[in-house]
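Protein chains: 2
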Amino acid sequence: MLKDLVRKNRSYRRFYQDVKISESDLIEFVDLARLAPSAKNNQPLKYFISNTNETNSKIFETLAWAGYLTDWNGPIEGEKPSAYIIVFLDKNITDNNYCDHNLAVQNILLGAVEKEFGGCIIAAFNRKKIIEIVNPNKNIEPLLVLALGKPKEEINLYEINPDDDIKYWRNSEQIHQVPKRKLNDILINKNN
Amino acid sequence: MLKDLVRKNRSYRRFYQDVKISESDLIEFVDLARLAPSAKNNQPLKYFISNTNETNSKIFETLAWAGYLTDWNGPIEGEKPSAYIIVFLDKNITDNNYCDHNLAVQNILLGAVEKEFGGCIIAAFNRKKIIEIVNPNKNIEPLLVLALGKPKEEINLYEINPDDDIKYWRNSEQIHQVPKRKLNDILINKNN
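Taken in order, these protein sequences are the chains called P and H.
Here the first sequence stands for residues 132 to 323, where the numbers follow the numbering used here.
Here the second sequence stands for residues 132 to 323, where the numbers follow the numbering used here.
Think of the hints as simulated: they come from the structure by calculation, not from any bench.
Honestly, I wouldn't trust all of these hints.
[As the list claims (entries may be wrong)] Here are the simulated lysine-lysine pairs, DSS-like style, with alpha carbons at most 30 Å apart: (1) Lys259(P) <-> Lys283(H); (2) Lys311(H) <-> Lys171(P); (3) Lys139(H) <-> Lys222(P); (4) Lys189(P) <-> Lys171(H); (5) Lys260(H) <-> Lys281(P); (6) Lys260(P) <-> Lys321(H); (7) Lys134(P) <-> Lys259(H); (8) Lys321(P) <-> Lys311(H); (9) Lys139(H) <-> Lys281(P); (10) Lys269(H) <-> Lys313(P); (11) Lys269(H) <-> Lys298(P); (12) Lys189(P) <-> Lys281(H); (13) Lys171(P) <-> Lys259(H); (14) Lys259(P) <-> Lys321(H); (15) Lys311(P) <-> Lys269(H); (16) Lys139(P) <-> Lys134(H); (17) Lys281(H) <-> Lys313(P); (18) Lys211(P) <-> Lys311(P); (19) Lys269(H) <-> Lys269(P); (20) Lys259(P) <-> Lys222(P); (21) Lys298(H) <-> Lys171(P); (22) Lys313(H) <-> Lys151(P); (23) Lys313(P) <-> Lys134(P); (24) Lys260(P) <-> Lys222(P); (25) Lys222(H) <-> Lys260(P); (26) Lys283(H) <-> Lys139(H); (27) Lys311(P) <-> Lys134(H); (28) Lys134(H) <-> Lys171(P); (29) Lys298(H) <-> Lys139(P); (30) Lys222(H) <-> Lys171(P); (31) Lys269(P) <-> Lys313(H); (32) Lys171(P) <-> Lys283(H); (33) Lys281(P) <-> Lys171(H).
[Claimed, not checked] To spell it out: a stretch of chain P is covered by chain H in this simulated footprint if at least three of its residues, at any positions, have a beta carbon under 8 Å from a beta carbon of chain H; those stretches are: (34) 233-244; (35) 297-305.
[Stated by the list, open to error] Part of the chain P face toward chain H, derived, beta carbon under 7 Å: (36) Leu133; (37) Ser142; (38) Asn172; (39) Cys230; (40) Ile252.
Keep in mind it's a predicted model, so treat the numbers as computed, not measured.
Note that CB positions come from ideal geometry on N, CA and C, so glycine has one too.
For reference, chain P alone in the conformation it holds in the complex:
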């Protein structure tokens, strides 16, 4: 059921770091991305996969985590992602990806969840260092880093009213709390 995958596709930021994601699984996720819709069918996205300790460590150093968790600097050793997929725009194809990447990314994340993994979309990263790690000689622009692994955290969704705070937070047991708007509040038909 797609609904189960969609529900389980939360933004995970702590993982069982010793649980690997195989290269073939990562390539399968990229294949799901490949088949996502693309504006004007340009297909300007390129992907870099990593699942080795060496490259993972380099990528990890470029990332900023969880802006609303001001006391937390990101996952500790042992709980870091065991793989990454970095999504790039190939500027030789086009300068404008029309938000294509998020169509592809949602396929990747749902594919990861289907295999009992999960991930987090990271838009806050050191662009220059990412380009150095991947390849400085291509005319490509990093758009997002997807951090992937076997999730090591519990995430609780709860409903809020329209003017309530939307920031996620952690309770005293370190369970991640994510406020979500109610279905009726996002349906314009119910609010006209």
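Given chain P, put chain H in place with the hints provided.
For chain H alone, coordinates are given in the frame of chain P:
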């Protein structure tokens, strides 16, 4: 299998117009969108659903179809979408949706495919008329129109080389042909 849903999620532009999509199905699709990731968890998206002939006709008049099919003006009567979901940005929440909408849209489309429907993402529409149809008094901006229905066309994917033409086209039997880049060509690791 997610892969089957992803494969079947093609951009359909002709439908069995008499096959309705129920309001409850459309609301379920919006619920899938509600659970998509959202940058900063802002959740600034709002949705308008339509499945009546009257509102569908008004929406249809605002749309432009299939830029590469220069001899085709869109689906004829009997083959038009039987439902629409229009995705809006609520500007009272934020001016910047960070491409959130495509995370939500992919969930909607996969949900539609799971129920044997399908759709097409339309970014070319008459903005003023869409706002008039939905509600001119809210501070909302239309981002995309999703055309939905039971697909009445066959779509064939075929692989291309990096410099080949990416425009979709129809063969003499009106079967829609969509060129897709090869997996190895979009994997930077294989091209460094």
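Mind checking the alpha carbons of Lys281(H) and Lys313(P) for me, to see if they're no more than 30 Å apart?
28 Å, holds
Check the hint pairing Lys259(P) with Lys321(H) against an upper bound of 30 Å on the C-alpha distance.
21 Å, holds
Under the criterion that the straight-line Cα-Cα distance not exceed 30 Å, is the pair Lys134(H), Lys171(P) satisfied?
22 Å, holds
For the hint on Asn172(P), does the least C-beta distance to chain H fall short of 7 Å?
5 Å, holds
Can you confirm whether the C-alpha distance between Lys321(P) and Lys311(H) stays at or below 30 Å?
40 Å, violated
Hint consistency between Lys189(P) and Lys171(H) [alpha-carbon to alpha-carbon, up to 30 Å]:
With a Cα-Cα distance of about 25 Å, the restraint between Lys189(P) and Lys171(H) holds, given a limit of 30 Å.
Pair hint outcome, Lys189(P) versus Lys281(H) [Cα-Cα no greater than 30 Å]
47 Å, violated
Checking one constraint from the list: CA of Lys260(P) to CA of Lys321(H), max 30 Å. Satisfied?
Answer holds: Lys260(P) to Lys321(H) is near 20 Å, not above 30 Å.
What's the verdict on Lys222(H) and Lys171(P), does the C-alpha distance respect the 30 Å limit or exceed it?
27 Å, holds
Between Lys260(P) and Lys222(P), is the straight-line Cα distance small enough, at 30 Å or below?
18 Å, holds
Mind checking, does the segment 233-244 of chain P have 3 or more residues with a CB under 8 Å from chain H?
holds (count 8)
Taking 30 Å as the top limit, are the C-alpha atoms of Lys281(P) and Lys171(H) close enough?
23 Å, holds
Of the numbered hints given earlier, the model fails hints 1, 5, 7, 8, 12, 19, 25 and 29; all others are met.
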